[in-house]
Amino acid sequence: MRRFLLLSGLAYALFLLGLATLSGGLLALALPSIIFLGAALLYGPEELQLRATRTLSAERVSQGAPVVVRLSIANEGSRLEEVLVEDVVPGLLELTAGEPSALASLPPGGTVELEYTVRGTRGILDFQAVRVAASDRLGLFRRRAMLPAPGRLTILPQVLRLRRVAIRPRRTRAYAGPVPSRQGGSGVEFFGVREYQVGDPRRWINWRASARHPRALFTNEFEQERIADVGLILDARQRVNVRSQGDALFEHAIRATASLADTFLNDGNRVGLLIYGWFRDWTFPGYGKVQRERILRALAQARTGDSMVFGDLDALPTRLFPARSQIVLVSPLCGDDLPTLIRLRARGYQLLVVSPDPVTFEVRALESQPSVALAARIAHLERVLLLRKMRQAGIWTVDWHVDRPFDQAVHASLGRLPHWFRAVGVGP
Amino acid sequence: MIPKLSLVSILVATFALALGYGLGGLGVGASLVAALGLLWLLGQRAGWGWVASAMLALFVGAAAVGTWLGVGAGWTLPGVVAALSAWDLDHFARRLGGAGRVVGVRELERRHLWRLLIVDSAGLLLGAVALGIKLKYGLGVALLLGLLAVLCLSRAIGFLNREIR
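Same order as they appear, the protein sequences are chains R and Z. Going by my numbering, the first residue of the first sequence is number 567, and it counts up by one from there. Going by my numbering, the first residue of the second sequence is number 28, and it counts up by one from there.
Heads up, some of the hints might be wrong.
Estimated spans, in silico, between C-beta atoms of each pair [unchecked claim]:
(1) R:Leu607 with Z:Arg138: 17 to 27 Å
(2) Z:Phe186 with R:Ser638: 28 to 38 Å
(3) Z:Ile145 with R:Ser644: 50 to 60 Å
(4) R:Pro971 with Z:Pro30: 45 to 55 Å
Over the 10 Å line for every Cβ pair with chain R, so calculated as not near, a few chain Z residues [as the list claims (entries may be wrong)]:
(5) Lys31
(6) Phe42
(7) Leu50
(8) Leu69
(9) Ala73
(10) Gly74
(11) Ala126
(12) Val146
(13) Gly167
No lab work stands behind these hints, which were simulated from the structure alone. If you're wondering where the values come from, they're calculated on a predicted model, not measured in any experiment. Built from N, CA and C at the ideal position, the CB exists for glycine as well.
Input sequences plus hints: build the corresponding full structure.
Below, the structure written as structure tokens:
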């Protein structure tokens with residue numbers, strides 16, 4: 567456009583000047599510019615009749631996996647001497663190979679193909695349209711259009727396979743599973759001794775106890791193992807999720823939540839997810855692969871945010887979680903969260919807190935100065951104190967330094983129940 | 028190939044105008060045109076996006092001033108045509124460089140150069156023919172013809188402008 571204006575302005579000025587001064591030489595100087603403009607008019611593109619088709623090598627991938635995007639633009643109109651095709655790549659995607667734009671000449675019925683590879687961080691990304699600019703060969707006369715070429719790419723958060731996460735809620739569901747149910751019956755772990763009843767297997771008879779009571783037989787009971795209701799809460803409050811060196815603690819929390827959800831669902835449990843940040847994003851509890859997909863999609867779209875209402879954990883909607891069920895909170899935590907967590911415990915929920923450590927996460931990006939070291943030490947002590955208070959309140963906590971792989975942290979902390987947790991009837 | 032041709036066009040434009048000024052006894056003008064040519068080359072080497080358009084305007088201005096001062100049209104007309112070519116080739120090179128991938132780059136270049144050659148030749152030829160034509164008419168006829176030409180040019184530019192928008 568600016569080129570066209572410049573050239574027409576020059577032609578016009580020379581022409582007027584030539585007429586005003588009655589100078590044939592000036593009029594002659596205007597002629598090359600006028601012919602330039604005339605050629606552009608003569609060979610300029612007509613109305614664009616293009617059709618774009620987009621294909622993605624995969625519509626659902628995990629974080630970091632490459633996706634090949636193919637675009638085909640077909641010319642259904644007259645010849646286009648120069649066409650610049652540019653795909654509008656969603657901002658969260660990183661180009662790893664190929665080019666999302668091409669310059670070509672398109673005869674009637676001809677096509678131009680674009681192929682490039684992207685990868686990106688989690689999210690549901692919509693490809694909208696392709697930008698097209700057609701011009702004459704001299705590039706003066708240009709027509710632009712946006713061709714619709716929709717496509718949706720779902721990038722799910724990374725899921726780590728965890729070996730085992732031991733939980734012990736107060737109430738379990740009716741179906742068999744891996745969670746100790748605090749009820750006697752058939753199982754693996756010893757639960758207690760009761761009087762023999764007809765039908766009990768003979769190998770369950772406790773001969774020592776029976777020998778002390780000659781008139782009665784006693785049978786061993788084992789703890790039944792069932793599935794449980796697990797409510798996952800992901801803390802998405804902006805103020806507790808720090809960022810450092812382009813990395814966000816929230817991303818680690820997302821991966822941890824995804825891995826925990828996958829593990830609990832694989833064990834057959836009923837799992838729900840609450841993302842607690844600038845609003846409450848609730849994924850209704852469910853079982854199996856469909857629920858896994860729902861939870862991963864919710865996590866893919868999770869964003870941190872600040873809200874006056876959800877600034878602290880007081881607004882946690884406990885009615886969403888079945889009474890006396892297992893709640894798993896993934897949160898970096900802050901000092902004023904403790905009363906709310908203690909209240910949850912008091913209501914009978916079994917609480918497990920997985921806490922990515924924000925102090926070590928932030929300190930690693932700071933310069934090593936005495937003042938920084940002192941501040942980090944104070945912050946670390948505050949955190950240690952908070953976690954200790956939580957443990958004293960019967961809240962099972964996992965202090966996770968995000969430099970350490972989550973599966974290792976989980977295996978060390980959650981691979982089996984702590985001894986004070988395993989004792990029947992003593993467990994909080 | 029395109030950058031080389033662009034360089035040649037700048038040199039031709041500078042040489043033609045500077046020589047025209049020099050032969051007309053206008054040494055200062057010749058030096059100024061040479062300095063402009065040098066600036067154009069430097070700007071192109073440095074990748075300044077604005078330099079081609081600015082230099083085209085300045086070269087056309089220099090040609091117009093030269094014609095006014097009596098520099099031969101045989102120098103100014105080729106100078107303007109060469110400056111137009113350099114300006115066009117600079118933008119063409121930018122279009123090629125700005126696109127991620129160019130499909131059939133040789134063919135695109137060949138067709139572009141062919142179009143440019145035709146346009147340049149037509150410009151030179153018509154300019155030369157226009158310089159050779161000598162008409163004698165009165166002031167009224169001149170005013171009428173001028174008004175008609177301005178009207179036609181305005182209509183043409185207005186039409187092009189609307190089409191672009």
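Violated hints, by number in ascending order, as checked against the structure: Violated: hints 3, 11 and 12.
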